[in-house]
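Engineer: Chain residues, written in single-letter form:
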Amino acid sequence: MYDSGKIIPGLIIFVLFVTFPVWYNHGDAGAVPKPELPKVAKKCVLPVAQMRDEHMQLLLDWRAEVLRQGEWGFIKIDGKPFQRSLQNACLKCHSNKKKFCDTCHTYAAVNPYCWDCHFARVKK
Amino acid sequence: MKYTFPLGAVIVLALIAWLGSQIPGMQYLFGIAVPYLAMALFLGGFCYRVIKWAKSPVPFHIPTTCGQEYSLPWIKQDKLECPVNTSQVVARMFLEIFLFRSLWRNTKAMVYDGPKLTYESSKWLWLFGLLFHYSFLVIVIRHMRLFLNPVPGFLHGLEFADGILQIGAPNLYLTDVTILLALILLFGRRLINRHVRYISLPNDMFPLFLIFAIASTGIMMRYFFRSGVDIINIKQLAVGLVTLHPVIAGKLSPLFYTHLFLVSTLLVYFPFSKLMHMGGVFLSPTRNLANNSRMVRHINPWNDPNIKPHPYSAYEDEFRENMVEMGIPVEKPLPEKTEA
Ligand code: HEM
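Those protein sequence lines, which keep their order, are chains A and B. Take the first sequence: its position 34, counted from the start at 1, is 34 in the numbering used here, and no numbers get skipped. So the mapping is simple: the numbering used here equals the position in the second sequence, first residue as 1, plus 1000.
Okay, chain A solo, but in the shape it has when bound (with noise of 0.2 angstroms):
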C-alpha cells in the first residue's frame, strides 16, 4: 500500500464521521417525549394517531379557512363546542404547552414559528 501514512487516517476519519451518531449517543437513546394530556377531556380534534401525524397540516387548514374564507365555525368535540383556533381551541384543552406541545417538538427539533405572534400563557 502506498501513501498510508495520509490514507489510513483519511479513512478513519471518514469512518468516525459517518458513524458520528453512534459516538455521540454514546449507547443512551434518552427519553421518549410524554405529552401530559388534559384532564378536562377525553376526545381530541380527531382520532390520536391522526392528530399525532397530521395535527400541523389540521392548524393550517383551519388557518386558511378562517382568515381567507372567513369562515369561523365552530366544531363539537363530545358535544362541546370549540372554535377553530390555535389558542381558543388547542390550547384551551392543552392548556400547558411547555409540558405538551414542546416535549415532542424539543425531541423531534421542530420549532413552529407560530409563537412569534400567537400568545401561549406559559405555566411555571
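Hints are computed from structural coordinates only; laboratory data are not their basis. All values derive from a computational prediction rather than experimental measurement. Don't take every hint at face value.
[Stated by the list, open to error] With a Cα cut of at most 25 angstroms, we get these calculated DSS-like pairs of lysine-lysine: (1) A/Lys6 x B/Lys1079; (2) A/Lys43 x A/Lys80; (3) A/Lys6 x B/Lys1055; (4) A/Lys34 x B/Lys1251; (5) A/Lys6 x B/Lys1052; (6) A/Lys42 x A/Lys98; (7) A/Lys43 x B/Lys1251; (8) A/Lys6 x B/Lys1274; (9) A/Lys76 x A/Lys39; (10) A/Lys42 x B/Lys1251; (11) B/Lys1274 x B/Lys1055; (12) A/Lys42 x A/Lys6.
[Stated by the list, open to error] Only part of the chain B face toward chain A is listed, based on derived beta-carbon distances under 7 angstroms: (13) Thr1086; (14) Ile1164; (15) Gln1166.
Here a beta-carbon is modelled for each residue, glycine too, at the ideal position from N, C-alpha and C.
Following the hints, put chain B with the ligand in place on chain A, whose structure we already have.
Structural biologist: Relative to chain A, chain B with the ligand alone:
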C-alpha cells in the same frame, strides 16, 4: 434499455419495500436488518475500494495542469492550475472538492457549416452538479435530527435557514425544491445534449432515478401523505438504530419503509459504482500530485531495484565496436589498435 432498465429496477425495489413492509413482522427486516446490513456493506465496501486504490502504484507523475508552470522568476506561475508544492495542491484540491472548479472549464464542441469547429463554454454540468450536491449534503445533515438526541444547536440553525420562507406546515425546506430541480436538470442534460446522451449508460441513470425516488418519497412523507409518518416513533427507531437498541414503536407508513429501503439500496450500491467518486476525488493522481517532476524524481514503484540505470555512455561502451563498424558516429573513439 438505457432508461427502462434502471427505471424498472427502482420501481421494483420500491414495490418490494412497499408491499414487503406490510407483511406482519417484516418491519423488523426493512426497518432494522436491512439498514444495518446496508451500513456495514457501505463502510466495508468504501474502505475496501480505497485500500485497493491505495495498493495500485502510480507509475508516472501525471498531474493535469492547465496554466503556466513554475519557471524563471519573472514569469508568473499559475499556482492553482499548476501547483508545485503541497500547500498549492491543497488549495487546488479544496476548490475542486467544494466548488467543482474543474467543471467550470467544461466546453462543448460544435461543428458549423464551413466546416468550422468551435468550443463553447458549457457550465451547466457545473451549475446543476453544485446545486445537487449541496442540497443533498444539507438534507443529510438535517436528517441528523432524527439520529441525535439531544439535537445539537447548529442543526436548529440549519433548519431555520433552510425553512426561512416559512411556507406551509410542515415548513417547506428550500433544499427539497432544489434537489428535485437539480435532479431533473441533470437528467434533462443527459437527454437533451446529444453528445452526453450518446455516452450515457444505465449506470449513469440508475443513481439519478434512485436518488430522485428517495427524495420524492421523503417529500411525499413530509408534505403530502403524513398518515403513518409519526416522527416521534421514527426518531425512536432511528436513535435506537445508532444506539444499537432498535425498537419499532408503532405502525409506520409503507412510504417510510420504502424511503428507508431505497436509502439502504443507495448505501449498498455506493461503494461498487461510480458514486465512489466521493472517495476517488481525494485519490486522483491527476489532481493530488504537485507538478514538480523537474525538482523531485518520481520513482516508478514497479521498477526492479536490480535493474540499474543504463546511461548512454555505458551503452556506447557496450556497442562501440559495432557502431564504428556500421559507420555510426560515437562520442569516444575506439582505442588505437596497438599491434600491426
Ligand atoms: C441518502 C440519504 C437520504 C436522503 C437523500 C433523504 C432524503 C429525504 C428528503 C428530501 C426528505 C424530505 C424532507 C426533508 O428534506 O427533510 C426526507 C424526509 C424524511 N426522511 Fe429521508 N433521506 C435520506 C435518509 C433517510 C434515513 C436513513 C431515514 C431513516 C430514519 C430517513 C427518514 C426520513 C423521514 C422520517 C422523513 C420525513 C421527515 C419529515 O416529515 O420532516 N431518511 N428524506
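Engineer: Can you list which hints this structure breaks, lowest number first?
Structural biologist: 12, 13, 14
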